[in-house]
Amino acid sequence: MIPNPLALIAEVTHRCPLHCIYCSNPLELASVNSELSTEEWIDIFQQSGKLGMLHAHFTGGEPLARPDLIELIAGARTAGLYTNLITSGIGLTESRLKALVDAGLDHIQLSFQDSRQDAANWIAGAKAHAHKIELSHIIRHHKIAFTVNLVIHRQNIDHLEEMIAFIEQLAPERMEIAHTQYYGWALQNRAALLPTRAQLENALETVAAAEKRLAGHIRIDSVVPDYYARFPKACMGGWGRRLMLINPSGKVLPCHAAEVIPGLEFENVRKKKLEYIWRQSSSFQRFRGEEWMPEPCRSCDRRAEDFGGCRCQALLLTGDAAATDPACSLSLAHSTVESALAEANSSAAVSQPVPAASFVQLQQRAAHLWSYRTNPE
Amino acid sequence: MPPPEDSSQPRLAAGCRWGAETKAGSEQERMILFPEGAIKLQGTGLQILERCDGERTFGQIIEELQTQFGVADPVKIRADISQFLEQLRYKRIVDY
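Protein sequences, first through last, are from chains A and B. Mapping of the first sequence onto the working numbering: residues 1 to 377, in sequence order. Mapping of the second sequence onto the working numbering: residues 1 to 96, in sequence order.
Since the hints were made in silico from the structure, they are not lab data. Quick reminder that beta carbons are idealized off the backbone N, C-alpha and C, glycines included. Mixed in with the good hints, there may be bad ones.
[What the hints assert, rightly or not] Part of the chain A face toward chain B, derived, beta carbon under 7 Å:
1) L54
2) Y82
3) D106
4) H107
5) K143
6) I144
7) A145
8) E173
9) A215
10) G216
11) R219
This is chain A alone, in the form it adopts within the complex (with noise of 0.2 Å):
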């Protein structure tokens, strides 16, 4: 018998009014007019909560771009479902958030780009960071846990310690210190992102103080990048096996990236109920367990650990999804990784924000350096 999934990743929409140059989002981006109504995400927070799940994590591109996310949030709470949303703050303003913890939300989980302004909306490719700032401070007004997000990266990793102490004084419970990860438009950008082993290094020591410092009063949330890990993270907790995303356009995947992997058809909640889907469809099943495992995961002690690490990564990087993942160091593949860091640790330091009156002005300065991301049709 196949466990309960634990939690649901609601990708409410593709639209964005950031760009991050980071963005683990799909390069194709499922379009506006194919987005599921609020009666079929109302339906599909009932059929989670029935299938045992706890929590429901609301995402995009940005959720409020949804006009009806306080009657997607309020459908998530009735179902029985921790409601945590995961927001860049556009959109939001104190009437809004107010409506939201009224209708049942949980949990708000705040992106910031960086603590210095020019920097943050120079990644972000938009004017976010003063409004962030602003909403932060409403947010506390209300009693719902309040975490904030930093992806870090080459270009702001070295001033680590100043973004901790800008944050604190935000005082949210948790903070969560994310390195970034190389899907989507982040391995497009990827030699703009990855960080030299110095900068790592570093930034481990500037965490772990900052841990000792703020125990009790902020949890630190933070994992070492998988490039320059021994062994490969535990993606998603393995196949299949806690959580199910659902797309924009009620697509169900098994985790945010899955759609690269040629050959397998997910199915769509439009057709096909949660609970089927999680059980039987062959997506679900394609990489669950152990069956699938090629050497040198198959006979490897930490197979249960990791579950051979992440599917996607090993399509990306290897061209074969079915692939140990080439950030193990036991993979056949690992040289993959192993060239894209000797190339971060050669190559010179980092770029520096450029002032632009426009995100195209933005684009057009940043074309020698990185994509930022689109918007869906």
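Given the structure of chain A, go ahead and fit chain B onto it with the hints provided.
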């Protein structure tokens, strides 16, 4: 991080709440939901956390549980409850 004092009033941290009530065999079981997960509680853990209502003091909670478990060593009860609450505060599930 300091342990709770006798006058501390332990309570669930913002955004942490009780979930569904279930039965594990004959024992009552309740779940605490928080941003990155959930913990199932039964027995003493459940008894302690149900008293963390922001009104009772740490001293009162100890007293109530001592009465309930009569024979137990009071020093040990205090140390156990304190450690339990410290761990939950570290995870940002409890404040005191």
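To see whether the hints hold, each was checked on the structure:
Because the beta carbon of L54 (chain A) sits about 5 Å from the nearest beta carbon in chain B, less than 7 Å, this interface hint is met. Given hint, Y82 (chain A) at the interface with chain B, holds; its Cβ is 4 Å from that chain's nearest Cβ, closer than 7 Å. Given hint, D106 (chain A) at the interface with chain B, holds; its Cβ is 5 Å from that chain's nearest Cβ, closer than 7 Å. Taking 7 Å as the C-beta cut-off, the interface hint given for H107 (chain A) holds, the closest approach to chain B being about 4 Å.
Of the supplied interface hints, the one on K143 (chain A) holds, with its beta-carbon coming within about 5 Å of a beta-carbon of chain B, less than 7 Å. About 5 Å separates the beta-carbon of I144 (chain A) from the nearest beta-carbon of chain B, less than 7 Å, and the hint is met. The beta carbon of A145 (chain A) comes within 2 Å of a beta carbon in chain B, closer than 7 Å, and the hint placing it at the interface holds. Annotation: E173 (chain A) was flagged as interfacial toward chain B, and the flag holds, the nearest CB pair being 4 Å apart, inside 7 Å.
Of the supplied interface hints, the one on A215 (chain A) holds, with its beta-carbon coming within about 5 Å of a beta-carbon of chain B, less than 7 Å. Evaluation of the G216 (chain A) hint against chain B yields a held restraint, the C-beta minimum of about 3 Å falling below 7 Å. For the restraint placing R219 (chain A) at the interface with chain B, the shortest Cβ-Cβ distance is roughly 5 Å, inside the 7 Å limit, so the hint holds.
Checked against the numbered hints above, the structure violates none of them.
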